[in-house]
Amino acid sequence: METQELIEKIGLCVARGKVNIASPFPKDMLGQEGTDELTRRALEIECPPDKILLACNDGMQVIGSKFGRGEAFVPELLMSAKAMNAVMAHLKPFFKAGTVKTKGKFLLGTVMGDLHDIGKNLVSMVVEGNGWEVIDLGVDCKTQKFIDKIKENPGCIVGLSALLTTTMANMAKTVEEIKAQFPETKVIVGGAPLSIGAAIKMGADGYSPNPQGAVEYLNNCLIAS
Amino acid sequence: MKKFLQENYVGGNTFGVVINYSDITVKEEEIELLLGYPPYHTPDPFKELIREAIEESKRIIEIKAGYKIADVASKQEDLTGLTIAEKYFDLQKIVTGVLKKSDSIAVFSLTIGDALEAKSKELLKKGDLVAGYIYDAVASITAEACADTLHEHIKAKMLRKNQKVTNRYSPGYCNWNVIEQHILFSLLPKNFCGITLTDSALMSPIKSISGIIGIGENVKYLEYSCNECNIKDCTYRTINYLKKKTN
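Those protein sequences? They're chains X and R, same order as listed. Just so it is clear: in the first sequence, position 67 is 67 by the working numbering, and no numbers are missing. Count along the second sequence from 1, add 1000, and you get the number used in the working numbering.
Heads up, a few of these hints could be off.
Stated by the list, open to error - In silico lysine-lysine, DSSO-like type, Cα no more than 30 Å apart, as pairs: (1) R:1125 <-> X:149; (2) R:1119 <-> X:92; (3) X:27 <-> R:1064; (4) R:1027 <-> R:1064.
Hints are computed from structural coordinates only; laboratory data are not their basis.
Generate the whole structure from the sequences, applying the supplied hints.
Following this line, the structure appears as structure tokens:
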């Protein structure tokens, strides 16, 4: 397979969520190589890692758009994220060496008093699969934990998750404190009790009801910066 | 319902109810809809994963359920709240409008335990994102199926006394502030069904449901009440919608 063909195939596998040869998804690609094998081969023949990354980003765009149009659903989005993560594992040395760069840092956590993490974890994986470095602070995060990590990671974007109306109040306090100490830091919020209105009211910069919305918000921040 | 469920009286008008997996109905279509797919349109291998998670859930969930029959204050014209067993609940018209004719209230709680949730977390940690997500969805629908069974059980029991039941309502839904979960739990025995509450009113195990059901000769069950509510992005609305679609 030619270099360009290999790179395009990697992008296609990301868009289709084909992780490796053993993966049973998608059905029409059964038995075919996935991002894992293809990326390994591409790097062996010295394909430029930045071009591989670019093709993957295009692949994530494809699945993201399908999700936006209601033609794909969270499981497909997660398979694409997993396929992308397989690529990222191979590209790790290049990220370390600075040959390729992530889009930026995304600091993510469930707010104080809340132990729900499935939504946060899905956002984490899909955002990471879209080329961002995710720093996952876990659940039940006190405001100070966010503040300390923002200090350590200047320029990061912050994502807050809450699943209860009670912890939504804690979320509002965390947003207020982040904005008081770091007015330039962008904060996006999400979770079952949230709405765009609630997000605006608490002073957040963005709101997303799903992982893809978070990706779009982050990518728009890049365009705006 | 095929049979009456076994009850264990624990004192104070409170009953434990024995629910086995065979007593509940977990519909694959509801799980598909919760994942976003139209029924019977979930692609392979996700469909198999749903079935696998359902099979695993049969093996590992531990259902605990029960309820207390509590007095309700005189039918007040005031629709901003309800006094149940001398505790005042700040409720919206959407709930009080349905419950106001109740002669008593069933305060209930139930859980499917934490094993399915733990399995979901384990899968996510291993990087098996879809499986983790599907196990979580199966756990949510399973807990809701248990609530349906408990609801049906209370309905059948009350019918023998010529009484009817209303829809069930839970703190956190229908504009009922979730913090009132603490008041609701204060009506039940400590650690009833093995469920505990955090300060922020989060139940542990997470896949648990609590709430109230009105009982009386003149109460009504509304087939679909979510249209009355202005909160569009709500889990309960989603679940109600799923049930309506799959019935």
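Hint by hint, here is what the structure shows:
no.: 1; hint: R:1125 <-> X:149; verdict: 22 Å, holds
no.: 2; hint: R:1119 <-> X:92; verdict: 29 Å, holds
no.: 3; hint: X:27 <-> R:1064; verdict: 39 Å, violated
no.: 4; hint: R:1027 <-> R:1064; verdict: 20 Å, holds
The structure fails to meet hint 3 from the earlier list, while all remaining hints are met.
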